Structure formats: structure tokens, C-alpha cells
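Required output: the full structure, derived from the provided sequences and hints.
Letter by letter, the sequence shown follows residues 1 to 351 in UniProt numbering.
I should point out that these hints are in silico values taken from the structure, not numbers from a laboratory. Since this is a predicted model, take the numbers as computed values, not measurements. C-beta: ideal position from N, C-alpha, C; glycine also. All the given hints hold, so there is nothing to weed out.
Pairwise CB distance ranges, derived in the manner of DEER restraints:
#, residue 1, residue 2, range
1, Lys93, Ala297, 36 to 46 Å
2, Leu302, Gly192, 24 to 34 Å
3, Arg279, Arg206, 34 to 44 Å
4, Gly221, Pro313, 36 to 46 Å
5, Ala13, Ala72, 19 to 29 Å
6, Gly221, Ala198, 26 to 36 Å
7, Pro16, Gly261, 28 to 38 Å
8, Phe29, Leu92, 12 to 22 Å
9, Pro313, Arg250, 21 to 31 Å
10, Glu210, Gly163, 21 to 31 Å
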Amino acid sequence: MEQSDPGVLFSTADNPTPGNHVSGYFTTFDRRRLRYAIFKTEKTVARGTIVLLQGRNETIEKYYETIRHFTARGLWVATFDWRGQGGSPRLLKNPLRGHVRRFADFERDLTVFLETIVLPETRLPFFLVAHSMGSLVALSAAPKLANRIERMALVAPFVAMSGLPVSAGTLGVMARMLSSIGLGWLRLSRDGFPRPFADNALTSDRQRFERNQGIILTHPGLRQGPATVRWVLEMSRAIRRVNRFDHLDRIRVPTLLIAAGNDSIVDVRAVTGLANRFRAGSAITIDGARHELLQEADRYRLPTLAAIDAFIPVDQSDEPAAKSRDAAAAGAFADEASRTSSRDNETGQEL
Numbered sequence: 001m002e003q004s005d006p007g008v009l010f011s012t013a014d015n016p017t018p019g020n021h022v023s024g025y026f027t028t029f030d031r032r033r034l035r036y037a038i039f040k041t042e043k044t045v046a047r048g049t050i051v052l053l054q055g056r057n058e059t060i061e062k063y064y065e066t067i068r069h070f071t072a073r074g075l076w077v078a079t080f081d082w083r084g085q086g087g088s089p090r091l092l093k094n095p096l097r098g099h100v101r102r103f104a105d106f107e108r109d110l111t112v113f114l115e116t117i118v119l120p121e122t123r124l125p126f127f128l129v130a131h132s133m134g135s136l137v138a139l140s141a142a143p144k145l146a147n148r149i150e151r152m153a154l155v156a157p158f159v160a161m162s163g164l165p166v167s168a169g170t171l172g173v174m175a176r177m178l179s180s181i182g183l184g185w186l187r188l189s190r191d192g193f194p195r196p197f198a199d200n201a202l203t204s205d206r207q208r209f210e211r212n213q214g215i216i217l218t219h220p221g222l223r224q225g226p227a228t229v230r231w232v233l234e235m236s237r238a239i240r241r242v243n244r245f246d247h248l249d250r251i252r253v254p255t256l257l258i259a260a261g262n263d264s265i266v267d268v269r270a271v272t273g274l275a276n277r278f279r280a281g282s283a284i285t286i287d288g289a290r291h292e293l294l295q296e297a298d299r300y301r302l303p304t305l306a307a308i309d310a311f312i313p314v315d316q317s318d319e320p321a322a323k324s325r326d327a328a329a330a331g332a333f334a335d336e337a338s339r340t341s342s343r344d345n346e347t348g349q350e351l
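Right, here's the structure in full:
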């Protein structure tokens, strides 16, 4: 068993780090070092790898329970902290502000992660499971993922802004105006951490809610605060883009969107409506669940995982056949990576 780099991942008494993992940092296109981890199954033959993408203000540690579920199925899990959050470098002098300069930076970080960590270090085939903002990044990048990712399961995808004091359109206009005069670093809400369990919008499970807050209380360097004006602007632009028919028509990766029926952050109708507008997409709704389906009470969390498991079947082929399949898939992935790298070099100024 390979050993993890010391001090990269953190644990608490009720959230121990899964064993059989490696962790460290990879370097992005703009020379930032993002924290990542690969968790390996204890089964003799790995049946593939889940690329796990977090939402805003989340960390690798928050997904330990979910990671154990997938590794028990015989899958590896590869995940990383987005720039500006978790154990990755922050983007402003105030480290608590949830910021991004351009949404395209998230997509390019994902591309580097796939090419430099996932392809050489994990096991084919590759599947993608994402939550909230991570799902938005996946949808935006999806036209370029056809020869890399077999299937995508997107949980509570951030494809619409809901529960706002003003309309999403008005908020986008405000964010654009403030950003244009150099105020993109301003935060748009008060930092209320730690938050009480009562009336929280994330989960109905008190134990998981307190466990996740305990991670941050024990390791405060992982915390991120409210989003900035620029973050809101970049999200609103990405949301408009992924909802367009011309974008959806270019997605070839079979995609399952899982909506939370009692989600006050993303409108469930936006999720199901989007799935109906592209051929590769389908949607289900977990009635009664709040936004963080993978952190929810078991009556909501287990059906969510069951839906993902049914959508991402575990390959039961024998080992020689699996190795032959992996070699062929690796060649296709490498060819697509080369083409994408060439395109990025040609259009890097625009990105």
C-alpha cells in the first residue's frame, strides 16, 4: 500500500481518513498547487475510478463517507479541492472569501487533474460524480469529456440560482456592474459560521451536519466564507451557457441529474427541465431531500447512492479482459488529451 504524504489530509474522531490512499498536490496551468487524493479499493481488481467533484465551500474530508461507499464497490476515487477552497490555495488576501477570477479556471483545473493525475495514476474506466457547483463545472466541460468519462452523475446540479432576495437576473446585473468597477472582491452576505442546525438548507441529518461543521472547527484552515461578487458573476454566466440548446446538443456523455425535492438553493424544476433538453440527459428527484443529498439522512442519501450505483455499473469482467479494455481506453483518452491541449494552446488568450 502506498503511503499518503503526511499532513495533506485531516481527520476527526467521527470522520477518520479512509485507508489505502495517496495524497498530495498537482500544479495547475497558472502554477497553483491544488490538493488532491486518490482512494483505492481493497478489492483485488479495481473496477474503475470515480472522479469526485465537490461543490462550493466543500473539502475532500467532507466526502470520506461517500468515498468509502464507492471503494466498497470495487472502485477507486480521485478527488481534489477546487482553487480557493479547502486545502488548496486561496485567491484573495482574505482567505475566507469564496472567489474565482474566471469560471474557465475551474474547467482548466479539471482538465489538468484528469491528464496529470487521473489518467496515469488511477484505473479505467472513468466515471464522474459531482455535487452542486462541481456539477456545473462538469456540465460546462462535458462536450470535451466524451472520450474521457464514461458516465456522469450530477447531484443537485447548480443550474439555477434559487432562494435569492432578488431575481437571478437582477443579481447577475448587480454583480456585473460591481465587478466592472473593481469591486468583484466584495462578499455578498454575512459570514455566519458556525451555523445552527435548525432551518439549515443543506441537510435534515443532524449528525452529519455536526460532523461536517466539526471538520472545520477542528481544522479552521479548511474553511471558506461567503461568495464574492465575482464568483456570483462567473456562476451566472456559466449557468446561462450550460442551459443553452447549442451547448447541450454537444454533450455526448450519458448524464444522470439527481434533484433534491426540498432544495432551497437550486430549483428542482430547473434540474428536471434541463435534463429534458438534451439527448444524453435524464433526471430523477429524491422527494423531500435538501440540497446536500450525499450528506442527507439515510432515507434520502441511500436512494441517491442507489441511483448512482445503478447508473454507474461495476464491470465484472475478468482481469485479462479488463486490462485489454483499459489499454484501448487509455489510448483514446491520451489522443483526446493531446487534441484538447492543442486547442487550449491556440485559444489560451481567450480562456
